[in-house]
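Throw the hints in and build the complete structure from the sequences for me.
Residues in the sequence shown are numbered from 1 upward in steps of one, following the working numbering.
FYI, nobody ran anything at the bench for these hints, they're computed from the structure. Even for Gly, the Cβ is constructed at its ideal location relative to N, Cα and C. Check each hint, because a few of them may be wrong.
As the list claims (entries may be wrong) - Listed below are the simulated SDA-like cross-link pairs for lysine to any residue, each with C-alpha atoms no more than 25 Å apart in a straight line: (1) K97 to G63; (2) K92 to P3; (3) K97 to T85; (4) K87 to V15; (5) K92 to S28; (6) K92 to D80; (7) K97 to S81; (8) K92 to V46; (9) K97 to R110; (10) K61 to Q8; (11) K92 to S19; (12) K61 to P3; (13) K61 to D49; (14) K87 to D12; (15) K97 to P31.
Stated by the list, open to error - Each pair of labels, with its calculated beta carbon distance range: (16) V2 to S76: 30 to 38 Å; (17) V2 to G53: 32 to 40 Å; (18) H4 to I117: 12 to 20 Å.
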Amino acid sequence: MVPHVRIQGSPDIHVNQGSVINLTCIISYSPEAPAFIFWYHGDQVVPYDSESGRFSVNTEKLGRETRSHLVIYDASPNRDSGNYTCKPSIAKAASIKVHVLERTKSNLSRIVQGSNIQLEISTDESDPWGEEKTFSTFNVR
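If you want it as structure tokens, here you go:
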């Protein structure tokens with residue numbers, strides 16, 4: 001039987017900037033564990049042995065299945081978005097596309113105690129009862 005390689009999850013994943021990316025490569029139908037499993041980002045080997053500490057790889061053999069877990073800390077859109085490939089020594093490669101989404105800047109303002117604020121509440125769905133939306137003014141204490 002020919003070993004089968006896949007990366008767990010959908011072929012495209014979306015994560016937020018600053019979060020942790022967890023990728024799991026599963027090698028199944030293999031009579032023996034692969035001698036090695038390389039992870040690539042684009043065409044570069046992921047430097048999980050570097051001193052940056054941003055990457056870690058853990059590989060485990062569970063019966064006739066081997067799992068390699070790549071963890072990337074502090075995800076950055078420019079640095080970490082792109083294709084990731086798991087390439088075991090005994091099988092074809094599997095790939096996944098990672099999209100790291102930039103943080104959006106919020107329009108938060110400082111609210112002074114005793115001042116009035118107005119909260120606007122809206123929804124994308126139509127109101128099934130035809131009720132009017134009301135807005136209230138609140139006192140900040």
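Now the hints, each set against the structure:
With a C-alpha separation of about 28 Å, the suggested pair K97 and G63 falls outside the 25 Å cut-off, and the hint is violated. With a CA separation close to 8 Å, the supplied pair K92 and P3 stays within the 25 Å bound. Restraint check: the Cα-Cα separation between K97 and T85 comes to about 9 Å, which is no more than 25 Å; the hinted pair holds. Annotation: proposed proximity of K87 to V15 holds, straight-line Cα distance about 23 Å (limit 25 Å).
Annotation: proposed proximity of K92 to S28 holds, straight-line Cα distance about 12 Å (limit 25 Å). At roughly 23 Å between alpha-carbon atoms, K92 and D80 fall within 25 Å of each other, so this suggested pair holds. About 8 Å separates the Cα atoms of K97 and S81, which keeps this hinted pair within 25 Å; it holds. Taken as a hint, the K92 and V46 pair is honoured in the structure, with Cα atoms around 18 Å apart against an allowance of 25 Å.
At roughly 39 Å between alpha-carbon atoms, K97 and R110 are farther apart than 25 Å, so this suggested pair is violated. A threshold of 25 Å between alpha carbons decides the hint, and for K61 with Q8 the separation of about 16 Å falls inside it, so the pair holds. Straight-line distance between C-alpha atoms of K92 and S19 comes to about 29 Å, which puts the hinted pair past the 25 Å bound. For the hint pairing K61 with P3, the CA-to-CA distance comes to about 14 Å; that is within 25 Å, so the pair holds.
Between K61 and D49, the direct Cα distance comes to roughly 21 Å. Compliance with the 25 Å bound is thereby established for this hinted pair. The hinted pair formed by K87 and D12 meets the criterion: a straight-line CA distance of about 18 Å does not exceed 25 Å. This hinted pair does not check out: K97 and P31 have alpha carbons roughly 29 Å apart, beyond 25 Å. At roughly 37 Å, the beta-carbon separation of V2 and S76 lies within the given 30 to 38 Å, and the hint holds.
A C-beta distance of roughly 37 Å is found between V2 and G53, which places it inside the suggested range of 32 to 40 Å. Evaluation of the 12 to 20 Å hint for H4 and I117 yields a failure: the beta carbon distance comes to about 57 Å.
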